[in-house]
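*Asks:* In case you want the letters, here they are:
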Amino acid sequence: AQSVTQLGSHVSVSEGALVLLRCNYSSSVPPYLFWYVQYPNQGLQLLLKYTTGATLVKGINGFEAEFKKSETSFHLTKPSAHMSDAAEYFCAVNPQGAQKLVFGQGTRLTINP
Amino acid sequence: NAGVTQTPKFRILKIGQSMTLQCTQDMNHNYMYWYRQDPGMGLKLIYYSVGAGITDKGEVPNGYNVSRSTTEDFPLRLELAAPSQTSVYFCASSLFGQGMGNTIYFGEGSWLTVV
Chain A
1 AQSVTQLGSH
11 VSVSEGALVL
21 LRCNYSSSVP
31 PYLFWYVQYP
41 NQGLQLLLKY
51 TTGATLVKGI
61 NGFEAEFKKS
71 ETSFHLTKPS
81 AHMSDAAEYF
91 CAVNPQGAQK
101 LVFGQGTRLT
111 INP
Chain B
1 NAGVTQTPKF
11 RILKIGQSMT
21 LQCTQDMNHN
31 YMYWYRQDPG
41 MGLKLIYYSV
51 GAGITDKGEV
61 PNGYNVSRST
71 TEDFPLRLEL
81 AAPSQTSVYF
91 CASSLFGQGM
101 GNTIYFGEGS
111 WLTVV
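Protein sequence lines correspond, in order, to chains A and B. With this note's numbering, the residue at position 54 of the first sequence is 54, and numbering never jumps. With this note's numbering, the residue at position 112 of the second sequence is 112, and numbering never jumps.
Treat each hint with caution, since some may be false.
Under the rule of at most 30 Å between Cα atoms (straight-line distance), these lysine-lysine pairs were calculated in the DSS-like manner [what the hints assert, rightly or not]:
1. LYS14(B) / LYS58(A)
2. LYS44(B) / LYS69(A)
3. LYS44(B) / LYS57(B)
4. LYS9(B) / LYS57(B)
5. LYS68(A) / LYS44(B)
6. LYS49(A) / LYS57(B)
7. LYS14(B) / LYS57(B)
8. LYS58(A) / LYS69(A)
9. LYS49(A) / LYS44(B)
10. LYS14(B) / LYS44(B)
11. LYS49(A) / LYS9(B)
12. LYS49(A) / LYS68(A)
Some, not all, of what chain A presents toward chain B, calculated at C-beta under 7 Å [what the hints assert, rightly or not]:
13. VAL13
14. TYR32
15. GLY43
16. THR51
17. ASN94
18. LYS100
19. GLY104
20. GLN105
These are calculated hints, taken from the structure and not from any lab test. For glycine and all other residues, C-beta sits at the position ideal for the given N, C-alpha and C.
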């Protein structure tokens, strides 16, 4: 069965520092890949997704992610963290042909002033 | 833009009670989903629907029922609530189905506690 692993349930960075949230998936066939963000007491909002084409995907709020097939990874980055980036981030995959998203366990991002 | 609307936002249930979580979307999406989110875990699919009158089980359907009488509405019913059903429930919708990388849109969640 498809699985998604997010390394680190909590990540803390200083304001202005690089944000790197890691995501690896298990699949012999590359799935479709997503990053969602969840602000406190809110629903999930799509940050970005990869389906086909360019492997570096740009999303909202300055985030981007790179699909690396050889590493089965889809890590999320942002060059300079902002206080408003504090939230929970979920990596998810959509196995091709499956009517569902498979989510990682989430990474809570804290931004230190 | 209302998008996906869920009610209630918070609810406390006693063991053995039943209740219905309401979900409606105004985007004319064909596909609708119910997920649950447990602490420290990702979301898991409970049920989904590909159109009015058609529903199917997801990964964790036990203890739940759904119906889809209209395109807009997809209520989730909990029968005989158990503490294991304490969770945050998210309704979601998409114009096209998953399996092709289509974006799904989530509601704001319903926090349910069973005591």
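*Asks:* Decide, hint by hint, whether the structure agrees.
*Replies:* Cross-check of the supplied hints:
Under the criterion of a C-alpha separation no larger than 30 Å, the hint pairing LYS14(B) with LYS58(A) is inconsistent with the structure, at around 45 Å. Taking the CA atoms of LYS44(B) and LYS69(A), the gap is about 25 Å. The hint holds against a cut of 30 Å. This hinted pair checks out: LYS44(B) and LYS57(B) have alpha carbons roughly 11 Å apart, not beyond 30 Å. Restraint check for LYS9(B) and LYS57(B): the C-alpha separation of about 24 Å stays at or below 30 Å, so the hint holds.
For a cut-off of 30 Å, the pair hint linking LYS68(A) to LYS44(B) stands: about 25 Å separates their Cα positions. Pair hint LYS49(A) plus LYS57(B) holds up; C-alpha atoms about 25 Å apart against a cutoff of 30 Å. For the hint linking LYS14(B) to LYS57(B), the alpha-carbon distance of about 25 Å falls within 30 Å, and the restraint holds. For the suggested pair LYS58(A) and LYS69(A), the alpha carbons sit about 17 Å apart, so the restraint of at most 30 Å is met.
Annotation: proposed proximity of LYS49(A) to LYS44(B) holds, straight-line Cα distance about 19 Å (limit 30 Å). Of the supplied pair hints, the one linking LYS14(B) and LYS44(B) holds, its CA atoms being roughly 23 Å apart against a limit of 30 Å. With a CA separation close to 28 Å, the supplied pair LYS49(A) and LYS9(B) stays within the 30 Å bound. About 13 Å separates the Cα atoms of LYS49(A) and LYS68(A), which keeps this hinted pair within 30 Å; it holds.
Hint status for VAL13(A): violated, given a least beta-carbon distance of 21 Å to chain B, over 7 Å. Because the beta carbon of TYR32(A) sits about 3 Å from the nearest beta carbon in chain B, less than 7 Å, this interface hint is met. Interface hint status for GLY43(A): upheld, as the beta-carbon distance to the closest one in chain B is roughly 4 Å, under 7 Å. About 4 Å separates the beta-carbon of THR51(A) from the nearest beta-carbon of chain B, less than 7 Å, and the hint is met.
For ASN94(A), the interface hint holds, since its Cβ comes within 7 Å of a Cβ in chain B; the closest pair sits about 5 Å apart. With a least beta-carbon distance of about 5 Å to chain B, the hint placing LYS100(A) at the interface is held under the 7 Å criterion. Look at GLY104(A): its Cβ gets to within about 5 Å of chain B, closer than 7 Å, so that hint holds up. Taking 7 Å as the C-beta cut-off, the interface hint given for GLN105(A) holds, the closest approach to chain B being about 5 Å.
The structure shown violates the earlier hints numbered 1, 13.
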